[in-house]
Amino acid sequence: MSVIGKIVTLLRGSARELGESIVDANGVRIYEQEIHDARNAIAQAKNDLTGVMAKEMQSARKIERVRTEIERLENLAIEALDKEKPTLAEEVAAQIAEQEAELDRQTQLHADYALQSTRLKDLIKASEAKVREHEREVQMARATESVYKATQSISENITSSGSKLIGAKESLERIKKRHEDLADRMAAADTLDRELGAKALEIKLAEAGIGEDAQRKEKVMERIRARREAATEGKA
Amino acid sequence: MKSLQERLGGLDAVLSARLGGTPISLQPIPGEIPVIQTVIGGREELPIFITVSDDQILCICHLWTDGEIIPEKRPELLELLLDLNPAIPLSSFGRAEGRYILYGALARDARIDDIANDIAALSDNAIDALDALSDYLS
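Residue numbers (the working numbering), protein chains in the order written: chain A, 11 to 246; chain B, 318 to 455.
Hints are computed from structural coordinates only; laboratory data are not their basis. Every residue, glycine too, gets a C-beta built ideally from N, C-alpha and C. Any given hint could be a false lead.
Stated by the list, open to error - Think about it this way: if two alpha-carbon atoms lie no more than 25 Å apart in a straight line, the pair counts; the simulated DSS-like pairs of lysine-lysine are:
| no. | chain 1 | residue 1 | chain 2 | residue 2 |
| --- | --- | --- | --- | --- |
| 1 | A | Lys179 | B | Lys319 |
| 2 | A | Lys65 | A | Lys16 |
| 3 | B | Lys390 | A | Lys159 |
Claimed, not checked - Below, a sample of chain A positions facing chain B; criterion: calculated Cβ distance under 10 Å:
| no. | residue |
| --- | --- |
| 4 | Ser69 |
| 5 | Ile80 |
| 6 | His189 |
Said to hold, decoys possible - Just the calculated beta-carbon pair ranges, DEER-fashion:
| no. | chain 1 | residue 1 | chain 2 | residue 2 | range |
| --- | --- | --- | --- | --- | --- |
| 7 | A | Glu222 | B | Gln322 | 14 to 24 Å |
| 8 | B | Ser451 | A | Ala198 | 53 to 63 Å |
| 9 | A | Thr128 | B | Gly415 | 32 to 42 Å |
| 10 | A | Glu42 | B | Gly326 | 23 to 33 Å |
| 11 | A | His189 | B | Asp400 | 36 to 46 Å |
| 12 | A | His189 | B | Glu393 | 20 to 30 Å |
| 13 | A | Gly221 | B | Ser451 | 49 to 59 Å |
| 14 | B | Pro340 | A | Ile40 | 23 to 33 Å |
| 15 | B | Asp371 | A | Ala121 | 32 to 42 Å |
| 16 | B | Gly338 | A | Glu180 | 44 to 54 Å |
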């Protein structure tokens, strides 16, 4: 059964069991062992495959060599017959027969190696699929368990802090209210700044005869009078 | 393996910067597995819980409980949640222990920036979802 299938079954049953786990702790250990074994099997199979494929290539080369040799010997036998040396031709024929036996042996070996490498490739594919499936199973089991336990902690925390005794609607209202308060405060500050901004305030203060600006004209007049008096005194 | 708190080092600063300087508090909560509670200033009612398993980081925001759903509107709400799921960026609806949640899942090796991004989106989405779906709640 698929992992999600197992979770669905558990959900339909008792939700309590979900925390107990999709695959119990022992199951997880078994899966982990299987993943480990399958990984080893894959490594071994890959190693074997390299050897088998090398032998497959070697036997292919050998077959090629034997075929060339048979052709060469056949040509020699024909030449011997042409030169009317039947005994010699028969000796060559005996060698060809030996080479043919070798060819049969190598062809059989080659077929065996090819079959072995196909089997090893299938084994690797199957083992990889097994590893993926088990890993997914363990991952999902752990994720479900972890979410369940986290949710338990969160629920307990929410209950004990009393923060969620108020409902979702109330929570939303409070957040919105706070947001509106902030927006209102910002709008009010804005208005205030426009009505009684830095400049407006300075002007009002000056009008009331308070601050630097209010006395500026007087100060300038004082300075001019002082210079004039100094100049008059100099002339005198 | 690094503790969840170490893993989330600097998250408060990054998240706060992303939210324009909003104060952020990260607080571990007691329990069998590590869970960190993230509280965003001004959104104290909707904390975000961060937990980590072998393969993923989950950021969870609790929306409402089973009991809060108006019974006759329940089937419609459930279908709506399914329809909404693919449309909401980064966050998905779910249910755990009778509580409806909005959550984001990240790879275990996600960067702090990505986690902050997910949490900011989750918080916005949660408020948005509550606002949009409050007609279904009592």
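Structure-based check of each hint:
| no. | hint | result |
| --- | --- | --- |
| 1 | A:Lys179 - B:Lys319 | violated, 38 Å |
| 2 | A:Lys65 - A:Lys16 | violated, 46 Å |
| 3 | B:Lys390 - A:Lys159 | violated, 30 Å |
| 4 | Ser69 | violated, 46 Å |
| 5 | Ile80 | violated, 62 Å |
| 6 | His189 | holds, 7 Å |
| 7 | A:Glu222 - B:Gln322: 14 to 24 Å | violated, 56 Å |
| 8 | B:Ser451 - A:Ala198: 53 to 63 Å | violated, 28 Å |
| 9 | A:Thr128 - B:Gly415: 32 to 42 Å | violated, 54 Å |
| 10 | A:Glu42 - B:Gly326: 23 to 33 Å | holds, 31 Å |
| 11 | A:His189 - B:Asp400: 36 to 46 Å | violated, 27 Å |
| 12 | A:His189 - B:Glu393: 20 to 30 Å | holds, 28 Å |
| 13 | A:Gly221 - B:Ser451: 49 to 59 Å | holds, 54 Å |
| 14 | B:Pro340 - A:Ile40: 23 to 33 Å | violated, 48 Å |
| 15 | B:Asp371 - A:Ala121: 32 to 42 Å | violated, 46 Å |
| 16 | B:Gly338 - A:Glu180: 44 to 54 Å | violated, 27 Å |
Consistency note: the structure conflicts with the earlier hints numbered 1, 2, 3, 4, 5, 7, 8, 9, 11, 14, 15, 16.
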